[in-house]
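Colleague: Each chain is listed here by its residues.
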Amino acid sequence: MTTNETPANVPEPAAGKGAPLLEVRDLHVEFHTRDGVVNAINGVNYSVSAGETLAVLGESGSGKSVTAQAIMGILDMPPGKIPKGEIFFRGDDMLRMSDEERRKIRGSKLAMIFQDALSALNPVLSVGYQLGEMFRVHQGLSRKDAKAKSIELMDRVRIPAAKARVNDYPHQFSGGMRQRIMIAMALALEPDLIIADEPTTALDVTVQAQIMDLLAELQREYNMGLILITHDLGVVADVADKIAVMYAGRIVENAPVHELYKRPAHPYTRGLLDSIPRLDQKGQELYAIKGLPPNLQHIPAGCAFNPRCTMAQDVCRTDVPVLHQVTERDGAELPGRGSACHFWKETIHG
Amino acid sequence: MAEMKKKAGAVADSTPSVSDVVESDASTTTEVEAALDKRVARGEPILQVRNLVKHFPLTQGILFRRQVGAVKAVDGISFDLYQGETLGIVGESGCGKSTVAKLLMTLEKATAGEVFYKGQDITKLSGRALHAVRRNIQMVFQDPYTSLNPRMTVGDIIGEPYEIHPEVAPKGSRRKKVQDLLDVVGLNPEYINRYPHQFSGGQRQRIGIARGLALNPEIIICDEPVSALDVSVQAQVINLMEKLQDEFNLSYLFIAHDLSIVRHISDRVGVMYLGKMAEIGSDQEIYEHPTHPYTQALLSAVPVPDPEAREGRERIILTGDVPSPANPPSGCRFRTRCWKAEEKCSKEEPLLAIPQRFATTDSLAAHESACHFAEEKDVVGAA
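Line by line, the protein sequences are chains A and B. Just so you know, the first sequence maps onto residues 1 to 350 in our numbering. Just so you know, the second sequence maps onto residues 1 to 383 in our numbering.
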């Protein structure tokens with residue numbers, strides 16, 4: 001099949017196989033407040049491909065939600081500001097786009113599930129109206145068609161008797177059902193990527209299991225990328241493919257899910273894993289990470305974790321550690337693993 | 001953002017001192033022995049709850065209010081709390097855990113039933129006698145951001161119980177006592193004149209604990225004391241509570257929805273569902289030998305932070321939501337979500353008792369469980 005035609009080197013669509021759906025590069029976010037500048041995010045890098053689940057793990061104030069807001073473009077600016085960084089969605093930098101272009105992506109390509117469904121839904125509009133809004137605004141459907149689609153969606157997220165409940169208001173649903181409606185809303189336009197910000201934190205464990213299963217199933221069905229933001233090490237273990245651990249606005253460790261739990265390469269991750277009580281064991285005393293998460297206005301010099309770290313040396317107080325590629329003892333690279341610790345070797349290999 | 005601002009003032013504070021790291025290397029055999037010892041050496045219960053009921057009336061009409069029903073928040077619960085032990089109460093939201101806490105604090109008046117504190121029924125007490133009993137039963141609340149008055153200094157907050165019970169500390173000695181308490185909970189005694197907003201969540205919870213300790217109570221009721229805290233801070237507070245229990249021989253009623261934390265801190269655990277106790281027993285009995293289907297489902301749903309342990313676990317996913325406590329199902333309340341439910345379950349209410357088939361065995365499954373078809377099942381994979 002050799003022809004003399006000029007090679008049609010049409011670049012593959014940016015989101016071809018292997019290319020990440022979303023890539024965040026060296027993102028910085030700061031907030032200008034009356035009390036000074038708060039550095040919420042200080043250089044975050046991560047990527048998600050289609051069908052992949054990335055869990056972003058961190059405590060409150062670690063910057064995990066702010067990163068998500070920056071990706072969605074729903075950050076309040078001012079006081080927020082993105083002084084540096086790039087967010088590529090299918091190869092296009094969203095931070096360079098016009099508001100108009102971003103709005104087209106938001107909702108139809110990128111969707112978000114919020115933590116507290118009761119406050120994320122409008123209490124004075126029926127859920128059917130709020131779901132239908134997605135179709136009316138983005139696809140220009142009529143009210144009637146939009147409603148039919150809403151019922152279909154509610155069915156898909158397994159809300160019983162969807163037809164009868166489409167005109168109900170958010171307060172008439174239980175917490176788990178409301179979260180299903182949030183998921184339905186995110187799914188409405190079959191986005192490529194869903195960001196779920198603590199989707200089950202407000203729910204009971206039995207309902208939490210239902211919701212996480214539903215999310216995982218829908219993700220497989222639509223081959224979506226999923227960014228799961230959470231502080232719960234347990235939830236992450238169940239669904240994620242890879243994990244990024246955040247601390248004080250930086251990613252301190254990333255790893256495939258199994259490896260992170262088996263062999264953490266950052267003292268913070270190790271401390272977190274040791275400090276949670278286990279259901280299947282009764283230990284003596286819990287390991288506790290000493291001290292408090294840092295104030296983002298005055299992040300400690302060097303490694304932000306150094307005042308709480310048991311391994312901290314002088315170098316930790318002066319030099320900010322970069323994200324090192326983690327290797328085996330013999331130097332073999334561990335794919336997808338990085339640790340922002342000067343002493344990652346000691347941490348992982350003991 | 002709000003959180004960041006809140007933390008602003010607190011970071012300069014010293015790191016709490018109660019974070020000594022102790023290697024946990026207890027072998028399992030000594031654990032079992034300890035559990036058995038506890039069973040034998042229990043003695044008299046300090047608090048006995050018998051058939052405690054709390055119904056909140058539902059009314060209709062503006063001029064002529066009439067009762068149209070009741071939310072059966074707590075519907076006949078019995079348990080004992082022994083000196084120096086921790087009884088964990090777990091259950092989903094709306095199962096009545098917090099109402100139990102309020103009833104024991106006599107913040108709510110029980111509809112029926114008794115709560116005996118050292119043989120005295122506190123639900124019938126009033127005036128001076130109630131006042132005296134309350135000194136011995138104190139509470140630590142869930143949300144350290146709303147349970148401390150923002151206009152009071154830490155010294156005033158912790159010292160306030162002395163205004164109500166002046167016999168515990170004469171006026172002149174109070175400041176010293178408050179400083180001692182701050183030291184006990186791992187805060188710098190010099191912080192006595194600071195305000196709650198100058199502290200982080202974990203430090204505030206320490207203040208709440210200090211207030212609970214002020215009157216040297218025998219019982220502390222903890223309603224979700226760590227659920228509002230960050231993971232890395234939770235362990236600090238849990239360790240503090242365990243240390244204080246040993247030091248002051250306290251009895252804890254520890255209410256929480258996090259089953260892993262409850263297992264860690266509790267000697268015995270009660271599982272509640274829709275205002276009833278479904279199962280109660282020692283931590284080992286409940287976690288490793290649960291016999292009630294609800295307990296099994298609850299335990300199997302807990303995400304375990306270990307992907308490999310998870311793969312061996314059976315997961316039971318319950319369908320549907322908890323029914324409304326205003327109109328609970330007949331018979332067994334769990335039957336609407338239970339995979340074992342049969343005709344009998346809708347007709348006959350199962351009583352909380354040791355299931356007959358286990359009664360004569362010395363298996364750990366021989367503990368009280370309110371199910372017609374109680375059956376042992378290891379869902380945690382710990383045995």
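FYI, nobody ran anything at the bench for these hints, they're computed from the structure. Misleading hints may appear alongside valid ones.
With the Cβ distance kept under 8 angstroms, some of the chain A side facing chain B (calculated, not the full set) [stated by the list, open to error]:
(1) Glu133
(2) Val137
(3) Gly140
(4) Leu141
(5) Ser142
(6) Asp145
(7) Asp241
(8) Val257
(9) His258
(10) Leu273
(11) Ser275
(12) Ile276
(13) Pro277
(14) Ile289
(15) Gly331
(16) Ala332
Derived lysine-lysine pairs resembling DSBU-like cross-links, with alpha carbons at most 30 angstroms apart [to be verified]:
(17) Lys242(A) x Lys163(A)
(18) Lys81(A) x Lys104(A)
(19) Lys344(B) x Lys290(A)
(20) Lys243(B) x Lys176(B)
(21) Lys290(A) x Lys109(A)
(22) Lys243(B) x Lys290(A)
(23) Lys102(B) x Lys124(B)
(24) Lys144(A) x Lys163(A)
(25) Lys262(A) x Lys377(B)
(26) Lys290(A) x Lys102(B)
(27) Lys345(A) x Lys242(A)
(28) Lys177(B) x Lys102(B)
Ideal placement from N, C-alpha and C gives every residue a C-beta, glycine not left out.
Colleague: State for each hint whether it applies.
Modeller: Hint by hint, here is what the structure shows:
Contact between glutamate 133(A) and chain B, as hinted, is not supported at the beta carbon level, the nearest pair being about 26 angstroms apart and thus beyond 8 angstroms. Among the interface hints, the one on valine 137(A) is violated; its C-beta lies about 29 angstroms from the nearest C-beta in chain B, farther than the 8 angstroms criterion. Below 8 angstroms, beta-carbon pairs count as interface contacts, and glycine 140(A) has none with chain B, the closest being about 36 angstroms; its hint is therefore violated. Checking leucine 141(A) against chain B by beta carbon gives a least distance of about 31 angstroms; that is not within 8 angstroms, so the hint is violated.
Checking serine 142(A) against chain B by beta carbon gives a least distance of about 33 angstroms; that is not within 8 angstroms, so the hint is violated. Hint status for aspartate 145(A) relative to chain B: violated, with the closest Cβ pair at about 30 angstroms, above 8 angstroms. Residue-level restraint check for aspartate 241(A) is violated (minimum Cβ-Cβ distance to chain B is 11 angstroms; threshold 8 angstroms). The restraint placing valine 257(A) at the interface with chain B holds, with a minimum CB-CB distance near 6 angstroms, inside the 8 angstroms limit.
Annotation: histidine 258(A) was flagged as interfacial toward chain B, and the flag holds, the nearest CB pair being 5 angstroms apart, inside 8 angstroms. Annotation: leucine 273(A) was flagged as interfacial toward chain B, and the flag holds, the nearest CB pair being 7 angstroms apart, inside 8 angstroms. For serine 275(A), the shortest C-beta to C-beta distance to chain B is roughly 4 angstroms, which falls under 8 angstroms, so the interface hint holds. Hint status for isoleucine 276(A) relative to chain B: holds, with the closest Cβ pair at about 6 angstroms, below 8 angstroms.
For proline 277(A), the suggested interface contact is upheld, since its CB lies about 3 angstroms from the closest CB of chain B, less than 8 angstroms. The beta carbon of isoleucine 289(A) is positioned within 8 angstroms of a beta carbon in chain B (closest approach about 4 angstroms), and the interface hint is therefore held. With a cut of 8 angstroms, the hint placing glycine 331(A) at the interface with chain B is violated, because the nearest CB-to-CB distance is about 26 angstroms. Restraint check, alanine 332(A) versus chain B: the minimum CB separation of about 22 angstroms is more than 8 angstroms; hint violated.
Between lysine 242(A) and lysine 163(A) the CA atoms are separated by roughly 38 angstroms; this puts the pair beyond 30 angstroms, and the hint is violated. The straight-line distance between the Cα atoms of lysine 81(A) and lysine 104(A) is roughly 22 angstroms, inside the 30 angstroms bound, and the hint therefore holds. Distance check on the hinted pair: lysine 344(B) and lysine 290(A) sit about 54 angstroms apart at the alpha-carbon level, beyond 30 angstroms; violated. Taking the CA atoms of lysine 243(B) and lysine 176(B), the gap is about 22 angstroms. The hint holds against a cut of 30 angstroms.
Using a Cα cut-off of 30 angstroms, the hinted pair lysine 290(A) and lysine 109(A) is violated, with the two alpha carbons roughly 42 angstroms apart. A hinted pair counts as satisfied when its Cα atoms are at most 30 angstroms apart, and lysine 243(B) with lysine 290(A) qualifies at roughly 16 angstroms. Pair hint lysine 102(B) plus lysine 124(B) holds up; C-alpha atoms about 15 angstroms apart against a cutoff of 30 angstroms. Taking the CA atoms of lysine 144(A) and lysine 163(A), the gap is near 13 angstroms; set against the 30 angstroms cutoff, the hint holds.
For the given pair, lysine 262(A) sits about 27 angstroms from lysine 377(B) by alpha-carbon distance, which is consistent with the 30 angstroms threshold. A C-alpha spacing of about 33 angstroms is found between lysine 290(A) and lysine 102(B), which places the hinted pair above 30 angstroms, so the restraint is violated. A distance of roughly 20 angstroms separates the Cα atoms of lysine 345(A) and lysine 242(A); the hinted pair therefore holds under the 30 angstroms criterion. Among the hinted pairs, lysine 177(B) with lysine 102(B) is consistent with the structure: their alpha-carbon atoms are about 27 angstroms apart, no more than 30 angstroms.
Hint check: violations occur at hints 1, 2, 3, 4, 5, 6, 7, 15, 16, 17, 19, 21 and 26; the rest are consistent with the structure.
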